[in-house]
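Chemist: Sequence:
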Amino acid sequence: MLEALSISLNKAAVLGFVLYLGGAAVLFALFQLIYTRITPHKEFELIRSGNVAAAIALGGAIIGFAIPASNVIAYSISILDFVVWAVIAAFVQLLAFLITSLVLKGVSERIQKGEIAAGIYVAAVAISVGMLNAACMTPSQN
29 MLEALSISLN
39 KAAVLGFVLY
49 LGGAAVLFAL
59 FQLIYTRITP
69 HKEFELIRSG
79 NVAAAIALGG
89 AIIGFAIPAS
99 NVIAYSISIL
109 DFVVWAVIAA
119 FVQLLAFLIT
129 SLVLKGVSER
139 IQKGEIAAGI
149 YVAAVAISVG
159 MLNAACMTPS
169 QN
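Numbering-wise (our numbering), the sequence shown opens with residue 29 and increments by one.
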C-alpha cells in the first residue's frame with residue numbers, strides 16, 4: 029500500500045498539482061478582480077451590505093470561469109497551455125457579461141437595487157457560457 033502511495037505521490041505529480049492549483053488560484057483571483065472592475069456596480073460592497081442579486085451574479089460568473097478552467101487543467105499539456113486557455117475562458121466570460129448588459133438594458137442598476145431576477149439571469153448566462161466554453165475546449169476524439 030505504501031509503495032502504491034509513493035508511486036502516485038511522486039515529486040513530479042506533487043509539483044504538477046502545486047503548479048496547477050497555484051496557477052488556477054492566481055487566475056481565479058485575477059478573473060474576479062477584472063470582472064469586478066468591468067461591471068458598473070461594486071459587487072463586494074453590495075454583497076457586504078446583503079445584496080443577494082449581486083452575490084448570485086458574481087457567483088455565477090465565478091462558476092462560469094471555474095468550469096472551463098477546471099476542464100482545461102484536466103486536458104492541458106503544460107502549465108502554459110493551461111494559462112493560455114484559462115485566459116481565453118476569462119475573456120469569453122467577460123464578453124458574455126458585456127453582451128448580457130447590452131441585451132438586458134439596466135441590468136447593473138437592477139442588481140444594485142437587489143433585483144434577484146437580474147442576478148439569476150446574469151448568473152445563468154455566465155454558467156451556460158462557461159459550460160459551452162468548457163465543451164469547446166475539450167479535445168475531440170476525431
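It cannot be assumed that every hint is accurate.
[To be verified] Ranges of calculated distance between the beta carbons of each label pair, as one might list FRET restraints:
| id | residue 1 | residue 2 | range |
| --- | --- | --- | --- |
| 1 | Ser156 | Phe45 | 42 to 48 Å |
| 2 | Leu108 | Lys70 | 31 to 37 Å |
| 3 | Glu31 | Ile116 | 14 to 20 Å |
[To be verified] Here are the simulated EDC-like cross-link-like pairs (lysine to aspartate or glutamate), alpha carbons at most 20 Å apart as the crow flies:
| id | residue 1 | residue 2 |
| --- | --- | --- |
| 4 | Lys39 | Glu143 |
| 5 | Lys141 | Glu71 |
| 6 | Lys133 | Glu71 |
| 7 | Lys141 | Glu31 |
| 8 | Lys133 | Glu143 |
| 9 | Lys39 | Glu137 |
Bear in mind the hints are in silico, worked out from the structure with no lab data behind them.
A virtual CB, placed ideally from N, CA and C, is assigned to each residue, including glycine.
Chemist: Are the hints correct? Go through all of them and say.
Modeler: Structure-based check of all given hints:
no.	hint	result
1	Ser156 to Phe45: 42 to 48 Å	30 Å, violated
2	Leu108 to Lys70: 31 to 37 Å	34 Å, holds
3	Glu31 to Ile116: 14 to 20 Å	41 Å, violated
4	Lys39 to Glu143	50 Å, violated
5	Lys141 to Glu71	12 Å, holds
6	Lys133 to Glu71	18 Å, holds
7	Lys141 to Glu31	58 Å, violated
8	Lys133 to Glu143	14 Å, holds
9	Lys39 to Glu137	50 Å, violated
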